[in-house]
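Asks: Each chain is listed here by its residues.
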Amino acid sequence: MELATLEESATAAMENTTPGQPPISSIPHKMIAKDLNCFFGKTQAIRNVTLAIPTDQVLAIIGPSGCGKSTFLRSLNRMHEVAGGTLTGKVLLDGMDVYDSDPVVVRRRVGMVFQKANPFPTMSIFDNVAAGLRLNGTRNKNKIGETVERSLKQAALWDEVKDSLNKSGMSLSGGQQQRLCIARTLAVDPEVVLMDEPASALDPISTAKIEELIYDLKKNYTIAIVTHNMQQAARVSDFTAFFYMGELIEVDDTKTMFTAPQQKRTEDYITGRFG
Amino acid sequence: MTKGSNAGVDRWRKFKNAFMIGLSVLSALVVIAPLFVIFGYTLSRGIGSVNLDFFIHMPKPVGETGGGMANAIVGSLMMVGIGGLIGLPIGIIAGVYLAEFGKNPFGAAVRFMSDVLSGIPSIVVGIVAYVIVVIPMKHFSGFAGSVALAILMIPTVTRTTEEMILLVPHSLREASLALGVPSWKTTIRVILPVATKGITTGVLLAIARAAGETAPLLFTALGNRFWSTSLNQPMASLTVFIYDYSKAPFTDWNNQAWAAAFVLICIVFLVNILFRLVTRSRYGIGNT
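So the sequence lines, in the order shown, correspond to chains Y and L. Residues in the first sequence are numbered from 1 upward in steps of one, following my numbering. Residues in the second sequence are numbered from 1 upward in steps of one, following my numbering.
Extracted from the complex, chain L is given alone in its bound form (with noise of 0.2 Å):
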């Protein structure tokens, strides 16, 4: 071979190198554009109608401008907060259970119908939580809005914490075992917190998922136009809020819609920052 065809073959090469490069980085750039995209537009729409008000204010009768959605933010805060203290540490402690134990039938039993779960549209986790809930309390309530959120929840969580678990390398478990540590705090102690990074990861996700549901809480907590903190009330959250004013004819309540969204964005990502630092490891190790 000549070198002259050498010098060919690398510039085909370093030309096949350079074009790859190039479409990963423009399929990367594809990925966060929605989001700025949403972001930029929910900012443009919304931010005229963010004021004091709007956190600290209830919303005004038809045909009254201004008002705000102080009963609306509480309230997605309670029931996801609430959500999340039913559905996050079943759904940890159930991946636990499929990355330690989950080797037999009824752990892929549990792992297919976790993974359906998570399939399921989440209006039909509504009904269910209808059916299971605000039926029998024979009214709507925000409690019934947070059993909504929690089982959307369970399968994101399960099946991460599970992944990340079995990501953590053998060696360490063998490690804690041959110090003579038993087998549940090696899971407890050395195991979980490598894999914490990882299982803040998916807890994050299911919460945002959680924060921006409507349809569940259509059929469970239903809305409120008024304050009401009780759990055992109908709840006004943010998502229903947006559906109710996007959809009515009035251009205050549009505005206000789109001031809600731009909210309740900024909040999934504040909750996200505040996760990540406060889950931070000391060494910043573990799975992403």
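So here's chain Y without its partners, still in its complex pose (with noise of 0.2 Å):
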């Protein structure tokens, strides 16, 4: 599928929906949200949000703290209900019904990248990346080894680790770290990356590091990203979803929703008026 074509479509839904709906029908998409509600206990944190995510796109939501995208993110793999809270309406993986499956199968088909890198303490880098073919009762060594190395050379970490294989993953810098959680990731092969702000607590090199390696995943992967930072979302999205108070404001194509906005708040979000 072309870009400029899924640009076309994207912009020709947007003109006949009312503006903040988001053009679902058109996009060929991975995974679609639908009239979803999210909440900790009483607090209701996503309100009636749907949502597409297109295929083998990258799509950047931004909005401001405490806006939802985080729980979004987290209900599409079914981690929301893992932090105890709870959800009304669906969440559609290739048309399965995400929370009528097992969760197990949701996340080894739909991986995580958080905001902290989080690799495992008590692991080696190579055991990290290991962790869940291995987890998951793969014993093939010959496998297990060409996954580590094809999953850290997709992480862009290869060369900086491969010799260090046998060194505890807290042993790397924190931009190593983070490249390590994503090959981890990665390792299990997922067909869509959610990523929570992987960016947020790392320095403008290892950002550029980790917003190459998203350009280059797309290729073979639907990918969310969650970001904070404006320029970012610019930087390596396709799509980009804008989120205020819980609610969807705005989804278009990323040109357009930096470009032309639909929406007032949009606009003010983009150009720093709030938030």
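For the record, the hints were derived by calculation from the structure and aren't laboratory data. Among the hints, erroneous ones may be present.
To be verified - Pair ranges (Cβ atoms, derived):
id, chain 1, residue 1, chain 2, residue 2, range
1, L, MET20, Y, ASN166, 41 to 47 Å
2, L, LEU43, Y, LYS116, 47 to 53 Å
3, L, ILE135, Y, TYR99, 53 to 59 Å
4, Y, LYS90, L, ILE188, 31 to 37 Å
5, Y, ARG47, L, GLY119, 48 to 54 Å
6, Y, LYS116, L, LEU52, 57 to 63 Å
7, Y, HIS228, L, ARG276, 40 to 46 Å
C-beta: ideal position from N, C-alpha, C; glycine also.
If you follow the hints, you should be able to join the two separate chains into one complex; please do so.
Replies: Right, here's the structure in full:
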């Protein structure tokens, strides 16, 4: 699928719908959330959001702190419930109802990278990347070795660690640790990768590496990334969704969002007038 | 504010800082002082009677000097060992339960009972083991002693395990779950290894406490002056020997009691080191 036609279809869909309503039907999408409401106890974090995650594209989710963007992301692979949250509505992965499936199966297909790098501290670099395979029962040493190398290469970390695979994952720098976590996520071969502010704790050089990585990854993976950094959203994403107070305010292709947003609140946020 | 008054404030602040550091160091010394005093005194009183005979010979009958406590050393090791085999797995698994699924009234009850149990005098635990093991078996036995020691180990291990698991950052659990690893495997393969160091501390405390108990063994294993490794028979232990020999009117026995105390301290010390080596993390990471 050509990017241009996607953008056209997205824009066309936008024009046919009321402002703020996402063009969900016309974009080929890997995942879609329908009428999603997320709660923490009685507090509602997400209000009636319907949003598609376009196939093999990068969707950036932006919005001020506490707007529900992380909660939305975590509802996609059922991590929301791990934090004790509840929800109503539907999340579909290739048409499969995520909340009607085994969470273990869902999470193998929809991986996640967290804000703070969280390598397993008792494991070596190699073991960290191999963890997903091993813990899911893979015993084949050749396959594990190949997968670890492939994943570390995909995460642009291989050259830096290939001679120290037996060292602790914690011995790496913050940026390397985050790329290690990305490699760990890629090793289980997910179809969708969710990233929750993956570069917000990193310096500009490490951030640039992660961003390049995201750009490369979208050839094979569907990516949704939550970010506070507007420039980052503009740089890495094909589509951008703006959340505010738990609601999806607007979603469009990134260029349109940053040049001609339909909603005043989107424009105010993007231009830094609040948030 | 003038520079002069600043200097005065500075001096006062530095004095307070030095004073508090001094106080901390002093308190730390007071904490370790009793250990050195006990160890030094036991060493000076007991070392004279510690020789090869002490480790390989049986106690001599009253009136004869010499002899050893080979049966008591083996008995103590066996009862603490069997007690550990019974008590430690129960304690650790119960601790895992409390940490993972214990956020309900049942968990709260288990937690509370466990705290109460750890505060119960050990002699009462001995009586309980007497009632539930000795009476049905109709005789004292090493097994009954092991059960009493196991009951003493359980609450310490349960609560330490729970607390150490709860200390493991939630982000590690999320990372594992997000890889599609089932919850139970996450606990066993990701969470427990990180908590191992802390759990080891709890296990060692429990073992050391059990190794030093006398009262619960008096009602259960009773003691034995002869060689016996049968768990079905009364069994000798260092602590019961210390108790018997220290109140005996024979100087030779009193000296042997000191020797037994010294040997017991050394055994606990060695077990500590051994456990630390075995459970040492490859990267020296974990909770303490």
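Asks: Now look at each hint and say whether the structure bears it out.
Replies: Taking the hints in turn, this is what the structure says about them:
{"no.": "1", "hint": "L/MET20 x Y/ASN166: 41 to 47 Å", "verdict": "43 Å, holds"}
{"no.": "2", "hint": "L/LEU43 x Y/LYS116: 47 to 53 Å", "verdict": "50 Å, holds"}
{"no.": "3", "hint": "L/ILE135 x Y/TYR99: 53 to 59 Å", "verdict": "56 Å, holds"}
{"no.": "4", "hint": "Y/LYS90 x L/ILE188: 31 to 37 Å", "verdict": "33 Å, holds"}
{"no.": "5", "hint": "Y/ARG47 x L/GLY119: 48 to 54 Å", "verdict": "50 Å, holds"}
{"no.": "6", "hint": "Y/LYS116 x L/LEU52: 57 to 63 Å", "verdict": "58 Å, holds"}
{"no.": "7", "hint": "Y/HIS228 x L/ARG276: 40 to 46 Å", "verdict": "44 Å, holds"}
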